[in-house]
Amino acid sequence: MTLVEYRENFEQGSNRAVSMPIAGAIVWAVVAALSTQVDSRFAVYILLFATGAIFPLALLIAKFRHENLVSAQNPLAKLMGMCVLMVNLLWAVHIPLLLNAPEFVPLSLGVGLGLHWVVYSWIVSHPVGLIHAVLRAVLIVLAWYVFPDARVLAIASVIVLVYLLSIYQMLTRELVLDEITYTYYVKRLKNQP
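Numbering (the numbering used here), first residue to last: 690 to 882.
Every clue listed holds true.
Quick list of simulated restraints, FRET-style, between CB atoms: (1) W811 with R730: 34 to 40 Å; (2) E792 with V719: 18 to 24 Å; (3) W811 with N704: 16 to 22 Å; (4) H755 with S729: 38 to 44 Å; (5) R730 with W780: 16 to 22 Å.
Read the hints as simulated data drawn from the structure, not as lab findings. Just so it is clear, CB atoms sit at the ideal spot from N, CA and C, and this is done for glycine as well.
All chains should be built: construct the whole structure from the sequences, respecting the hints.
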């Protein structure tokens with residue numbers, strides 16, 4: 690298969706791939722709400738444990754959406770899986786921060802858990818992932834500095850807003866599949882006698 694065909698296959702199987710961002714938005718919204726009820730140190734622990742629920746929740750949402758969240762067949766889906774692994778390797782940074790400088794954990798988790806969006810953008814040939822990753826990183830840093838007494842709440846709220854923007858873009862973007870399918874059939878018709 691060509692890269693274009695793999696992208697088409699990815700689009701077909703992923704059903705716009707919104708299960709993970711929906712799960713992320715839900716979890717970060719819960720974190721934001723809970724952070725208003727506890728002190729900032731405990732809010733960091735809530736954040737740590739809650740973010741572990743994103744992937745299992747996404748698997749559940751994917752079942753209802755008929756979205757193939759994990760695929761061993763398509764190398765682009767495997768690439769996304771490797772990106773998730775890459776993001777999770779950052780726990781080697783998050784845990785020492787928790788133990789030595791817990792005020793940095795919302796910053797490191799917020800930015801770190803959004804890095805894979807860059808690769809998603811390349812896979813689907815759309816800037817949604819780049820917009821998400823850059824906007825998320827910039828707004829998280831701003832929130833971290835502007836709201837030092839409510840960092841978990843501010844960062845979680847920023848992430849939810851960025852997720853909502855991305856989900857909208859993902860649901861309304863023109864699919865690579867549409868362009869590929871159209872081009873394929875146009876070429877096929879031109880080559881017929």
